[in-house]
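**Student:** Take 1 as the starting number for the sequence shown in my numbering and just add one per residue.
Treat the hints as calculated values from the structure; they're not laboratory data. Quick caveat, the model's predicted, so the values are computed rather than measured. Be careful, since some hints might not be right.
Capping the alpha-carbon separation at 20 Å, the derived lysine to aspartate or glutamate pairs in EDC-like fashion look like this [to be verified]:
1) K174 with E160
2) K123 with E113
3) K112 with D122
Here are the simulated distance ranges between beta carbons [as the list claims (entries may be wrong)]:
4) D122 with L63: 30 to 38 Å
5) F158 with S114: 45 to 53 Å
6) S25 with M173: 30 to 38 Å
7) E117 with L155: 43 to 51 Å
8) G164 with K112: 54 to 62 Å
9) M173 with S114: 35 to 43 Å
10) S114 with N56: 21 to 29 Å
11) G164 with P102: 37 to 45 Å
12) M115 with S166: 48 to 56 Å
13) A31 with S166: 18 to 26 Å
Glycine residues also receive a C-beta, built at the ideal position from the N, C-alpha and C atoms.
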Amino acid sequence: MGNRSGSDCNYSTDTIGVFPLLGVSSIESTAAPYANKNVFLFLGGFFLSIAIQKCNLHKRIALTVLRFTGTGGRSIIGGFMLSSCLLSMWIMNTSTTIMLLPIGLAIITVVKESMHELSERDKINFQVALLLGIAYAANIGGIATLIGTAPNMALNGFMEEQYGVSISFLDWMKVDCL
1 MGNRSGSDCN
11 YSTDTIGVFP
21 LLGVSSIEST
31 AAPYANKNVF
41 LFLGGFFLSI
51 AIQKCNLHKR
61 IALTVLRFTG
71 TGGRSIIGGF
81 MLSSCLLSMW
91 IMNTSTTIML
101 LPIGLAIITV
111 VKESMHELSE
121 RDKINFQVAL
131 LLGIAYAANI
141 GGIATLIGTA
151 PNMALNGFME
161 EQYGVSISFL
171 DWMKVDCL
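Throw the hints in and build the complete structure from the sequences for me.
**Tutor:** This is the structure we're talking about:
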């Protein structure tokens with residue numbers, strides 16, 4: 001359904017044009033799943049993630065965290081966990097992790113190369129704590145909003161389809177954040 005020279009993103013939308021042409025289904029029934037509000041909410045999260053990366057907001061956040069936390073290991077880890085959690089509330093948790101991991105790895109490199117008073121064991125512990133902290137905090141933040149992770153929207157779609165209950169963005173946050 002699409003050629004390999006094109007973008008892989010086109011494969012899922014190829015059915016919109018191909019199915020009606022082949023008589024498999026009408027254009028209305030083929031396009032209906034793409035008009036789901038959860039799809040647009042998910043898409044909005046991706047656009048927000050791209051915008052954050054394009055303007056290097058994630059790097060600015062990391063530098064701000066370092067400015068406020070100082071150079072203490074626990075403070076750095078806590079600051080990165082807080083920023084990871086907060087970012088992940090508004091963009092996909094995997095996107096948050098992908099944005100913050102390179103910054104975390106750069107900090108780990110600086111610590112390994114410049115903190116000679118730390119033992120190798122302490123350096124490894126810092127590395128593990130920072131990397132796992134970023135990942136765990138992104139998952140925690142991801143459950144706080146509907147767009148934080150895909151299963152949240154899947155549950156919302158399931159509840160709406162099966163039980164006629166639509167969970168609003170604000171209602172989801174009330175339950176998860178309080």
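**Student:** Now, for every hint given, state plainly whether the structure supports it.
**Tutor:** Comparing the hints with the structure gives:
no., hint, verdict
1, K174 with E160, "holds, 18 Å"
2, K123 with E113, "holds, 10 Å"
3, K112 with D122, "holds, 10 Å"
4, D122 with L63: 30 to 38 Å, "violated, 24 Å"
5, F158 with S114: 45 to 53 Å, "holds, 50 Å"
6, S25 with M173: 30 to 38 Å, "holds, 37 Å"
7, E117 with L155: 43 to 51 Å, "holds, 48 Å"
8, G164 with K112: 54 to 62 Å, "holds, 55 Å"
9, M173 with S114: 35 to 43 Å, "holds, 41 Å"
10, S114 with N56: 21 to 29 Å, "holds, 24 Å"
11, G164 with P102: 37 to 45 Å, "holds, 44 Å"
12, M115 with S166: 48 to 56 Å, "holds, 52 Å"
13, A31 with S166: 18 to 26 Å, "holds, 21 Å"
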